[in-house]
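Asker: So you can see what is in the structure, the chains are spelled out below.
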Amino acid sequence: MSNKKTNKPLVLFVAKEKESLFSKKNRALLTDPLDDNNPITVQVLGICSALAITVQLEPAVVMTISVIAVMGASNMIVSLLRNLIPNRIRIIVQLVVVASMVILVDQILRAYAYDVSKQLSIFIGLIITNCIVMGRLEAFALGNGVWKSLLDGVGNAAGYGFMLILVAFFRELFGSGKLYGFQIIPESFYEMGYVNNGFMLLSPMALVTVGVIIWLQRARNRKLIEKG
Amino acid sequence: MNRDSNAYTFGFAAAMVVVVASVLAFTASSLKDLQQDNVRKEKMQNILATIGIETDREGAEVLFNKYIVSQLALRNDGTVDESVDPFSGIKLALELKKNENEQRFPLYLADVEEDSYYIIPLRGSGLWDAIWGYIALESDRTTIKGAVFDHKAETAGLGAEITQQWFMNRFVGEKVFAADGSLKGILVSKTNNDPKDLDKDDHEVDAISGATITGDGVSDMIYERLTHYQSYLTKNETTAAVAVNE
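Protein chains in written order, with my numbering: chain A, -19 to 208; chain B, 35 to 280.
Read the hints as simulated data drawn from the structure, not as lab findings.
Heads up, some of the hints might be wrong.
[Stated by the list, open to error] Derived coverage of chain B by chain A (criterion: at least 3 residues anywhere in the stretch with Cβ under 8 Å from a Cβ of chain A; other residues may be distant):
{"id": "1", "region": "39 to 50"}
{"id": "2", "region": "186 to 197"}
{"id": "3", "region": "205 to 217"}
[What the hints assert, rightly or not] In silico DSS-like cross-links for lysine-lysine, where the CA-CA straight-line distance does not exceed 25 Å:
{"id": "4", "chain 1": "B", "residue 1": "K224", "chain 2": "A", "residue 2": "K158"}
{"id": "5", "chain 1": "B", "residue 1": "K230", "chain 2": "A", "residue 2": "K158"}
{"id": "6", "chain 1": "B", "residue 1": "K230", "chain 2": "A", "residue 2": "K98"}
{"id": "7", "chain 1": "B", "residue 1": "K186", "chain 2": "A", "residue 2": "K98"}
{"id": "8", "chain 1": "B", "residue 1": "K125", "chain 2": "A", "residue 2": "K158"}
{"id": "9", "chain 1": "B", "residue 1": "K66", "chain 2": "B", "residue 2": "K186"}
{"id": "10", "chain 1": "B", "residue 1": "K66", "chain 2": "A", "residue 2": "K98"}
{"id": "11", "chain 1": "B", "residue 1": "K186", "chain 2": "B", "residue 2": "K234"}
{"id": "12", "chain 1": "B", "residue 1": "K224", "chain 2": "A", "residue 2": "K98"}
{"id": "13", "chain 1": "B", "residue 1": "K125", "chain 2": "A", "residue 2": "K98"}
{"id": "14", "chain 1": "B", "residue 1": "K125", "chain 2": "B", "residue 2": "K186"}
Yeah, the Cβ is synthetic: ideal placement off N, Cα and C, and Gly gets one too.
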């Protein structure tokens, strides 16, 4: 007992060297998933929803915002509970946390932002089953503090959303000649014989677009090139 | 405490279920009125949109009461059932499962500056899930004044385009009855050689590429619903016949 007591101040002292809220390490939690560790192009997670909702920009943007909210909040909650959650049912607990966050968001939107909720409605299931959400809870929030978990959740959701928006940009532009629902390609192009590429609207082209983005990203970012 | 013991695991799971259930139940019940109000006003908004009255959700109720002069719950034979409230008492999703003689068919009559309109709620199936909407007929009871469609889960960019104004506009001016008075409905057609929908007597509108099944769903929905309104709409033969012969 006496030994412990003498040791304790020392431990506290070491822990007192706290890093600032936006230290380099913490900022990396936010920025890494945007490029070096992007959930879609590097970790290849969340591909299913990336195929489903990138036909147009608008749903992609709505999805991005809701995933950021859900991931930030559920990462924080799981991180708060990380010392209480029984190991054997941790996946179930994570699932419950994510599902209830999504339902809460949906209920609130339906009451106060009905139009947004109408767009969101079919994506709710996709958020709950999104591998990135569960993956970050399991890999990060269970072992890290609340602030770091929040940054990690928001960062990964942003990295995911960035790719969604990028893919949706190309699919909507070449698939229907529009961006965010507004006609971009002028009527005169169509009169000269330009035709929208209907293939861009179908899921396989999302995969091809993601593939091209991965290719460009790896050509540009030396860190991602595998050795050997 | 031992976090790996069975007792702790069960205890945690039980506590979690209670907490989550109460939070969700509390949110759902406290927001219920607001949510239902939104749904009700949206319905009014959609009904008004078919007769060309655009309004935001807040103003919908006042305008609805102003322009909708009568709400009827019809039987399949065209008579009116007074015991049913057509606006809130009929849920088409449930109604469609019943035998057609037990169903009640809501009909809204609107008066806008001398012109009267018949607004018919629609509901059917698209590719993935339900589709629904409203069409308004002009006083000749055959020419479409306007149409509104919505859907639960059609494919974004393909079937979901039925909610776009340009698609709904294609129905304007089309006729649902043939000149001899027989029901034709509106066919969402891929082969009518009329992509600009200039021919308003062909009972067809141009389909959306890649949305064949949703389009067929729209055609079927309009035809199926109208069969039940036919006896009411043609009951007053003289007015209907005069209008058709014009």
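Asker: What are the numbers of the hints that this structure violates, sorted from low to high?
Answerer: 3, 6, 8, 11 and 12
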